[in-house]
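Peer 1: Each residue of the sequence shown is one higher than the last, beginning at 1 in my numbering.
These are calculated hints, taken from the structure and not from any lab test.
Each hint should be verified, as a subset may be incorrect.
Said to hold, decoys possible - Straight-line Cα separation of at most 27 Å, DSSO-like style, residue types lysine-lysine; simulated pairs:
1. 76 with 47
2. 107 with 76
3. 100 with 76
4. 7 with 47
Stated by the list, open to error - Derived Cβ-Cβ restraints for the label pairs, each shown as a range:
5. 19 with 43: 33 to 41 Å
6. 72 with 121: 16 to 24 Å
7. 18 with 71: 18 to 26 Å
8. 109 with 30: 55 to 63 Å
9. 109 with 25: 32 to 40 Å
10. 88 with 39: 36 to 44 Å
11. 62 with 30: 44 to 52 Å
12. 125 with 39: 46 to 54 Å
13. 120 with 24: 24 to 32 Å
14. 35 with 101: 33 to 41 Å
15. 87 with 35: 35 to 43 Å
16. 120 with 19: 56 to 64 Å
17. 31 with 108: 18 to 26 Å
We treat Cβ as the ideally placed atom computed from N, Cα and C, and that holds for glycine.
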Amino acid sequence: MKYPRRKSFTLIELVMTIVIVGIVAIPLSLTLGRNITSTNESTDLSKAIELGRLEMETAGNIAYASLVSASFSNYKGYAFDVVRTVSYVHGTAVSAESTKLVNVQVKRAGSAAVLAEFNTYITRNIAYPF
1 MKYPRRKSFT
11 LIELVMTIVI
21 VGIVAIPLSL
31 TLGRNITSTN
41 ESTDLSKAIE
51 LGRLEMETAG
61 NIAYASLVSA
71 SFSNYKGYAF
81 DVVRTVSYVH
91 GTAVSAESTK
101 LVNVQVKRAG
111 SAAVLAEFNT
121 YITRNIAYPF
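All chains, full assembly: derive it from the sequences and hints.
Peer 2: Structure representation (structure tokens):
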């Protein structure tokens with residue numbers, strides 16, 4: 001008695017399919033992982049730049065005599081640390097004319113790596129020859 005032949009896959013065909021799918025899936029998963037990492041880094045950098053600009057704007061609106069160095073943890077509720085450093089470039093606190101250098105650094109909370117850094121000069125009673 002002859003049995004009818006069934007149309008099905010052999011064990012070798014199934015194993016080869018699994019191997020091929022695995023070979024294709026590994027680079028795909030690595031690429032996806034890199035994409036997620038770069039998206040997170042991009043989001044962090046964008047937020048750091050935004051917070052740095054906000055602090056620079058805030059520093060520009062502070063009265064000249066009150067503008068001093070400061071450090072903020074979890075700035076505005078975000079997981080970023082902001083450090084504002086103010087130093088005299090020209091003159092002193094008691095001189096009539098002076099210039100302050102304002103430096104703002106933004107770091108991820110608990111990290112030493114600076115994500116964004118901004119500098120500006122703020123002057124008092126400086127006459128420019130224009």
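Peer 1: If a hint holds in the structure, say so; if it does not, say that too.
Peer 2: Hint-by-hint comparison with the structure:
no., hint, verdict
1, 76 with 47, "holds, 11 Å"
2, 107 with 76, "holds, 13 Å"
3, 100 with 76, "holds, 25 Å"
4, 7 with 47, "violated, 59 Å"
5, 19 with 43: 33 to 41 Å, "holds, 37 Å"
6, 72 with 121: 16 to 24 Å, "holds, 22 Å"
7, 18 with 71: 18 to 26 Å, "violated, 56 Å"
8, 109 with 30: 55 to 63 Å, "violated, 29 Å"
9, 109 with 25: 32 to 40 Å, "holds, 35 Å"
10, 88 with 39: 36 to 44 Å, "holds, 42 Å"
11, 62 with 30: 44 to 52 Å, "holds, 48 Å"
12, 125 with 39: 46 to 54 Å, "holds, 48 Å"
13, 120 with 24: 24 to 32 Å, "violated, 52 Å"
14, 35 with 101: 33 to 41 Å, "holds, 39 Å"
15, 87 with 35: 35 to 43 Å, "holds, 42 Å"
16, 120 with 19: 56 to 64 Å, "holds, 60 Å"
17, 31 with 108: 18 to 26 Å, "holds, 25 Å"
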